[in-house]
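A.B. asks: Sequence lines, in order, name chains E and A.
First residue of the first sequence: 0, per numbering that gives the first Met the number 0; consecutive thereafter.
First residue of the second sequence: 0, per numbering that gives the first Met the number 0; consecutive thereafter.
Since the hints were derived computationally from the structure, they do not count as laboratory data.
Predicted model, so just to flag it, every value in this text is computed and none were measured.
Treat the hints with care, as some may be off.
What the hints assert, rightly or not - Listed below are the simulated PhoX-like cross-link pairs for lysine-lysine, each with C-alpha atoms no more than 20 Å apart in a straight line:
(1) Lys-84/A - Lys-86/E
(2) Lys-96/E - Lys-84/E
(3) Lys-86/E - Lys-88/A
(4) Lys-84/A - Lys-84/E
To be verified - Partial list, derived from the structure: chain E residues whose beta carbon lies under 10 Å from chain A:
(5) Leu-5
(6) Phe-12
(7) Ile-78
(8) Ser-93
(9) Leu-94
(10) Leu-95
Said to hold, decoys possible - Which chain A residues stay away from chain E? Per the calculated CB distances, all over 10 Å, these:
(11) Met-0
(12) Gly-4
(13) Gly-8
(14) Tyr-91
Beta carbons are placed, not taken as given, at the ideal position from N, Cα and C, and that holds for glycine.
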Amino acid sequence: MIHNYLFLSIILFCLGIVGVISRRNVFTVFMSIELMLNAANLAFVAFSRIHQSMDGHVLAMMVMAVAAAEAALALAVVILLHKHKSKLDTNVFSLLKG
Amino acid sequence: MFADGLFLGFAVLAVLGAAGLILFRHPMNGAMSFVVTLIALAGLYALLSAKLIFALQLIVYAGAIMSLIVFIIMFLNIQPSDLPKEETKLLYIIGSLIAVFPIGMFLVKIVKSLPKSSTEIIGNNFGGVKQVGLLLFKDWLVPFEIVSILLLVSLIGAVILAGKREAVK
Chain E
0 MIHNYLFLSI ILFCLGIVGV ISRRNVFTVF MSIELMLNAA NLAFVAFSRI
50 HQSMDGHVLA MMVMAVAAAE AALALAVVIL LHKHKSKLDT NVFSLLKG
Chain A
0 MFADGLFLGF AVLAVLGAAG LILFRHPMNG AMSFVVTLIA LAGLYALLSA
50 KLIFALQLIV YAGAIMSLIV FIIMFLNIQP SDLPKEETKL LYIIGSLIAV
100 FPIGMFLVKI VKSLPKSSTE IIGNNFGGVK QVGLLLFKDW LVPFEIVSIL
150 LLVSLIGAVI LAGKREAVK
């Protein structure tokens, strides 16, 4: 049953949202975002299995490339913030708060 | 029947890994349990007969991206005292689960309205390198080029952000 795959994708996506909302560690928040991207990937692949067309596979590859770009930039920002504040708490990183 | 058992095993592994990512205090433990999720997802892609995505998930995600994250976590040499104190973590997790619940039920309702379809593994090179590659370079050529520009931009951005030395002092 293809529905089970989509249910699993929903569960993983919701767990990712929970991780972003409830945790304060930068790395955990970042990996929760990656978890949400992976849940979207699973939905893409499941839908492309339903329709037996491979467009979903191509989109999943695009999402992986975007995730790689995001990982490179986000980790650079984390290193910079850790250099400045030597903390990993997202509550400390409120530089834009006027 | 065998595929159903495999799906159940991979699904349980994926959810357990995701729960571990949320619950572990140290990011290294979280990253390791996230790797379990990624590998289980690769198995699910194989069950959905997406052969290329299965390989890419293992090589790019579980291999490259996660090793980059783990490398950065080790590079920063995080001590337990550096971690944020999260005394109210469980409270927040329960609260956000309650907040997310309606979204999840909404999505479940959408999925239930979809027509049923089987998940038997199909042949005909569905999801193979050649077929996906032909599709990628015929119908998806412009998005592919845009993604390549995005990767170049993120490369330059990462070098500019993390490469400065004198600006930090």
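A.B. asks: Which of the listed hints are broken here?
C.D. replies: 8, 9, 10, 14
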